[in-house]
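Peer 1: Given next are the chains, with one letter for each unit.
There are 2 protein chains.
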Amino acid sequence: MILGIDIGGANTKIASKDGKLVELHYIPLWKNSRLPEALLDIAKRLKPEKAGVVITGELADCFPDKDAGLSYIIDAVNNAFQNAYFLDSEGNFSKEKRRSIAAANWMASALAVGKEYENCIFLDIGSTTTDIIPIKNGKPLASKTDFERLKKGELVYTGALRTNIAAILKYVNIRGEKSRVSSELFAIAADAHLLIGNISPETYTCDTPDGAGKTSIDAKRRIARVVCADLTEISDDEIISIARQVMEAQVNDIREALKEQVKKHDISRIIACGLGEFIAREAAKDLSFDFVLVSERYGGDISKVFPAYAVARLLE
Amino acid sequence: MILGIDIGGANTKIASKDGKLVELHYIPLWKNSRLPEALLDIAKRLKPEKAGVVITGELADCFPDKDAGLSYIIDAVNNAFQNAYFLDSEGNFSKEKRRSIAAANWMASALAVGKEYENCIFLDIGSTTTDIIPIKNGKPLASKTDFERLKKGELVYTGALRTNIAAILKYVNIRGEKSRVSSELFAIAADAHLLIGNISPETYTCDTPDGAGKTSIDAKRRIARVVCADLTEISDDEIISIARQVMEAQVNDIREALKEQVKKHDISRIIACGLGEFIAREAAKDLSFDFVLVSERYGGDISKVFPAYAVARLLE
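Protein chains in written order, with the numbering used here: chain R, 9 to 324; chain B, 9 to 324.
None of these hints come from the bench; they were simulated from the model.
Check each hint, because a few of them may be wrong.
Chain copies aren't distinguished; within one or between two, either way the pair holds.
[Said to hold, decoys possible] Subject to a maximum C-alpha distance of 30 Å in a straight line, what follows is the list of computed DSSO-like cross-link-like pairs (lysine-lysine):
#: 1; residue 1: 186; residue 2: 271
#: 2; residue 1: 272; residue 2: 186
#: 3; residue 1: 147; residue 2: 186
#: 4; residue 1: 186; residue 2: 293
#: 5; residue 1: 178; residue 2: 271
Predicted model, so just to flag it, every value in this text is computed and none were measured.
All chains, please: the whole structure from these sequences, using the hints.
Peer 2: Structure below.
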């Protein structure tokens, strides 16, 4: 078996190159360092012949800098897997530690997508971030670091689960008035998407901000706090309306970034994946593009771990 | 001794009615429940005759709703102090639990200020939030709940220390380009204000987002992460520039809310307090108002715990 591994700050995802095995493990690097043990477990259980690895977790703030983060993660991988190859942001595999291994998971996806769709924008909306990668003649054109990609609008730091609602919008409309919001980490995108039916409690694969449950009433409590209210002060309809405004703000943010890329690169096809595909669909809606969902082509499970699947295919 | 106590979600502040005793204790309610023990310690140490209490900590997300939060905090106070009186949002003291005790700390301050300045806007910029309370004929005119105050612009959820930079601005200018920012809790207002000299490490009285130190280099690392960079990718000048943009965004947010109140109530005097007085000064700068700093009148220590001092004076 050839295994693909995508190690992010919050999630570690694995997939086999035939796509039959797909797993998502919530391992928040900044909270604990279960990563080495988790990788050992995976290696023991699956005994892959080779592993292709992409890394984005080096930005987690348990590390003083990206080199320290990369070093820790690469050591954990090598300790678990004898034959691990790391993809860098140029699209090359390496067994050595080098800085260009940082934040290269989008490169795996974009190379895989570029083989099939020569000219397109690859849009991956994950739990935490959104990659928007222009591809021309099969070649990904994005900048090489997260810092540069953020500036260029090729990385939008919004996602379907973990994003603090206070970072998504500064105002909500409520009872016909524009209200400011609390800046605490009271509720996240997952709470909004749970309430409006975009995700299920099982897809809510990260911690809740208050440590409470993932039921509808728990999510409502959290969203009420965003306007400093509790459930005695605000109705269900008002909470649902706030949730819809969160969705709308995310859609607008991503649409704006998409438009920038489209304009810059003159491309009119979008290939979308990730557990936020439902946001991608809305963001692309009025842009009259060719729109392909990876989930429809490869299946929903693969869409959610696409960089892991892609790096396994590339290594083969 | 008559003691004033102000119990917020992050900080518990105490002051004696003569202003000689002033203490700020960082007790984040959502992280632990040291509050009962801390109050017992204070009671044992100071043995006050009576205590006047204001509460805002009921919104902390360790509590399912505000009643549960109030009940917990009131019990903790009564367990430590025999003669405790709680101020409500109508300005009355009570020994009984009632909902109107929620979020009334601004009422103590506004009543105290209203005695001296009959017509003014009281502006309290704390670690986490900003109260903007119109006072006419000595009477505070703000709404009675945080939910209503947020809608009316009488509460702006931004502060001098704890506010997530991702909730303050969505874009920063860097190297002549407009860059999006990360939505993680990578850096807080305190990091920006530390770097531009508005606060000292001693005034940085809350946890750091990454658990690292409060030196300049620590704060720089955190601010670099806001644009997904580390210190090898971004210069000191660029970091300082981001810190200044954070300050500017806070000043603008508060100025905008101030202007709304000024327009609505036709008042041209501002009385400012709190550990964010330096933000207040900038926010009021071009508005050609009468501007009075509580720190200049009562001293800087009292300014930082003004609701606690005010509730002690009111109880007397």
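Peer 1: Next, verify each hint and record whether it holds.
Peer 2: We went through each hint and held it up to the structure:
no. : hint        : in the structure
1   : 186 <-> 271 : between (33 Å within a copy, 17 Å between copies)
2   : 272 <-> 186 : between (35 Å within a copy, 16 Å between copies)
3   : 147 <-> 186 : between (45 Å within a copy, 26 Å between copies)
4   : 186 <-> 293 : both (27 Å within a copy, 26 Å between copies)
5   : 178 <-> 271 : both (28 Å within a copy, 22 Å between copies)
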